[in-house]
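These protein sequences, in sequence, are chains A and B.
When we follow the numbering used here, the leftmost residue of the first sequence carries the number 1, and every step to the right adds one.
When we follow the numbering used here, the leftmost residue of the second sequence carries the number 1, and every step to the right adds one.
None of these hints come from the bench; they were simulated from the model.
Take these hints with a grain of salt, some might be off.
[To be verified] Among the chain B residues that face chain A by a calculated CB cut under 8 Å, a handful are:
(1) L98
(2) L133
(3) L135
(4) V146
(5) P149
(6) K154
(7) P157
[Claimed, not checked] Only part of the chain B face toward chain A is listed, based on derived beta-carbon distances under 10 Å:
(8) P11
(9) A13
(10) S48
(11) R51
(12) A119
(13) A123
(14) G127
(15) A131
(16) G136
(17) T138
(18) A139
(19) R153
(20) M155
(21) T156
(22) V209
Where a beta carbon is used, it is the ideal one built from N, C-alpha and C, also for glycine.
The residues making up each chain are set out below.
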Amino acid sequence: MISIRDVTKSYGGFRALVDCSAEIAKGEVVVVCGPSGSGKSTLVKCVNGLERFERGEIVVDGVSVGDPKTDLPRLRAKVGMVFQHFELFPHMAVLQNLCLAQVKVLGRSREEAAERSLALLDRVGLRSQAAKRPGELSGGQQQRVAIARALAMDPICMLFDEPTSALDPEMINEVLDVMVQLARDGMTMMCVTHEMGFARKVAHRVIFMDEGRIVEDAPTDAFFASPRSERARAFLSKILHH
Amino acid sequence: MAYDYDWSSIPGALPFLWTGMKVTLRITATAVLAGIALGTLLAAMRLSRSRLLSSASAAYVNTFRAIPLVMVLLWFFLVVPALLERLFSIPRHEDTRLTSSLVAFSLFQAAYYAEIIRAGIQAVPSGQLAAALALGMTAAKAMRLVVLPQAFRKMTPLLLTQSVILFQDTSLVYVASVADFLYVAYQVGQRDARLVELLLFAGAVYLAVSWVASRVVQRWQERLAT
Numbered sequence: 001m002i003s004i005r006d007v008t009k010s011y012g013g014f015r016a017l018v019d020c021s022a023e024i025a026k027g028e029v030v031v032v033c034g035p036s037g038s039g040k041s042t043l044v045k046c047v048n049g050l051e052r053f054e055r056g057e058i059v060v061d062g063v064s065v066g067d068p069k070t071d072l073p074r075l076r077a078k079v080g081m082v083f084q085h086f087e088l089f090p091h092m093a094v095l096q097n098l099c100l101a102q103v104k105v106l107g108r109s110r111e112e113a114a115e116r117s118l119a120l121l122d123r124v125g126l127r128s129q130a131a132k133r134p135g136e137l138s139g140g141q142q143q144r145v146a147i148a149r150a151l152a153m154d155p156i157c158m159l160f161d162e163p164t165s166a167l168d169p170e171m172i173n174e175v176l177d178v179m180v181q182l183a184r185d186g187m188t189m190m191c192v193t194h195e196m197g198f199a200r201k202v203a204h205r206v207i208f209m210d211e212g213r214i215v216e217d218a219p220t221d222a223f224f225a226s227p228r229s230e231r232a233r234a235f236l237s238k239i240l241h242h
Numbered sequence: 001m002a003y004d005y006d007w008s009s010i011p012g013a014l015p016f017l018w019t020g021m022k023v024t025l026r027i028t029a030t031a032v033l034a035g036i037a038l039g040t041l042l043a044a045m046r047l048s049r050s051r052l053l054s055s056a057s058a059a060y061v062n063t064f065r066a067i068p069l070v071m072v073l074l075w076f077f078l079v080v081p082a083l084l085e086r087l088f089s090i091p092r093h094e095d096t097r098l099t100s101s102l103v104a105f106s107l108f109q110a111a112y113y114a115e116i117i118r119a120g121i122q123a124v125p126s127g128q129l130a131a132a133l134a135l136g137m138t139a140a141k142a143m144r145l146v147v148l149p150q151a152f153r154k155m156t157p158l159l160l161t162q163s164v165i166l167f168q169d170t171s172l173v174y175v176a177s178v179a180d181f182l183y184v185a186y187q188v189g190q191r192d193a194r195l196v197e198l199l200l201f202a203g204a205v206y207l208a209v210s211w212v213a214s215r216v217v218q219r220w221q222e223r224l225a226t
């Protein structure tokens, strides 16, 4: 589904990504973790072309992301993305947030879009909030709306860029619950997150990055039981012991 | 010796003064609408990735902001009609004074609006654009549906303030002998030898309109702040 081959990217002199390669199969859930500045967010944003990369190739559902001839909007319409800061559109109601791209990008009728949106809001437990503005919701509720908005496009896979890092601790679980459910329903997911509990519960594989490189790419159990690299071991001991 | 004020010529001249005010309002409205439309385009060009579009827009904005408005008006009044006459053989007796003023004001204001709109667009968090693009919108759609509505909300007070300044600046069309409010007031004053009264009256009208408009802007800002 997602195939990343030798991707390299630099900002000025700083090498953000160095020869990154990974495969994510249909239905697979992969967690990407690593210290801040390791390039994990950059990598996930390269997958739908929000970030450009200089070398290498990323192929999503048979379409090359870096190819200048690729119709990126069309590809992005099929790839859901959830951001750290939710990025709901503050000037429209929750329901309109979900409907906008369905109508303007997919060409669905307003009635059809609204119907699907309400069903998805139901799924994330927020149907009663449909008429509110995003600013009236808690962070956890906003992120659940953002997930529903991405799902409204019927994506073939979902990208998560630190979806819980901006949340107060008591709101993290309500978002993770939605993500766990999504994973169990068979969605292909690439999740940049530090939530190791989530990784253990649903991830098939864990990718560990440091200084722009993919240092480790291992099945979840193997990664937690015995990380091969010293850096992954150090990282895990830091984040798992409190 | 004290000046003997005589306001008696004003009531009878009100219908005539109103025709002048209509011209003033027409220039203001045209320049606001055309200026914001062109200014939005210039701002989008300025922020685009294309270096050509960006520098073309920068050149336009910087040029107009570096020239006094009176010069632009004179230039459009004197040079452009002659140019049009040569290029399209529009007869000279055709009255192009109002048209040339409308065009000059619109182009001039666009440069000022462009800077306000650019700042407004930049004040919208970049994640909003990313989110719109991630949903499959083209850059143009993302701009129109997501970024600009938020940007205009933020910059409405500034746009209105700029428009109040524009309303006052329209009086400069006297250099092109366009019969706007000030010009008409001046004519009435000369006709009745009551120039001082008429100019005071005109000033009071400009003051009143601008003051009311500023109050509206203030209200708006207070509402946005809460």
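Hints versus structure:
With its C-beta approaching chain A no nearer than about 38 Å, L98/B sits outside the 8 Å limit, and its interface hint is violated. With a least beta-carbon distance of about 6 Å to chain A, the hint placing L133/B at the interface is held under the 8 Å criterion. Nearest Cβ of chain A to the Cβ of L135/B: about 4 Å, under the 8 Å cut. The hint holds. About 6 Å separates the beta-carbon of V146/B from the nearest beta-carbon of chain A, less than 8 Å, and the hint is met.
Contact between P149/B and chain A, as hinted, is supported at the beta carbon level, the nearest pair being about 5 Å apart and thus within 8 Å. Nearest Cβ of chain A to the Cβ of K154/B: about 10 Å, over the 8 Å cut. The hint is violated. Restraint check, P157/B versus chain A: the minimum CB separation of about 17 Å is more than 8 Å; hint violated. Hint status for P11/B: violated, given a least beta-carbon distance of 48 Å to chain A, over 10 Å.
Because the smallest distance between the Cβ of A13/B and any Cβ of chain A comes to about 47 Å, over 10 Å, the interface hint for this residue is violated. For the restraint placing S48/B at the interface with chain A, the shortest Cβ-Cβ distance is roughly 16 Å, beyond the 10 Å limit, so the hint is violated. For R51/B, the interface hint is violated, the least distance from its beta-carbon to any beta-carbon of chain A being 16 Å, above 10 Å. Interface hint status for A119/B: violated, as the beta-carbon distance to the closest one in chain A is roughly 18 Å, over 10 Å.
Restraint check, A123/B versus chain A: the minimum CB separation of about 13 Å is more than 10 Å; hint violated. For G127/B, the suggested interface contact is upheld, since its CB lies about 4 Å from the closest CB of chain A, less than 10 Å. A hinted interface residue such as A131/B counts as satisfied when its beta carbon comes closer than 10 Å to some beta carbon of chain A; here the least separation is about 4 Å, so the hint holds. With 10 Å as the threshold, the beta carbon of G136/B comes within range of chain A, its nearest partner Cβ sitting at about 3 Å, so the hint holds.
Interface hint at T138/B: satisfied, since its Cβ lies 5 Å from the closest Cβ of chain A, which is below the 10 Å cut-off. Proximity of A139/B to chain A holds as hinted, the smallest CB-CB distance being about 8 Å (cut-off 10 Å). For R153/B, the suggested interface contact is upheld, since its CB lies about 7 Å from the closest CB of chain A, less than 10 Å. Proximity of M155/B to chain A is violated relative to the hint, the smallest CB-CB distance being about 14 Å (cut-off 10 Å).
Residue-level restraint check for T156/B is violated (minimum Cβ-Cβ distance to chain A is 13 Å; threshold 10 Å). Evaluation of the V209/B hint against chain A yields a violated restraint, the C-beta minimum of about 31 Å exceeding 10 Å.
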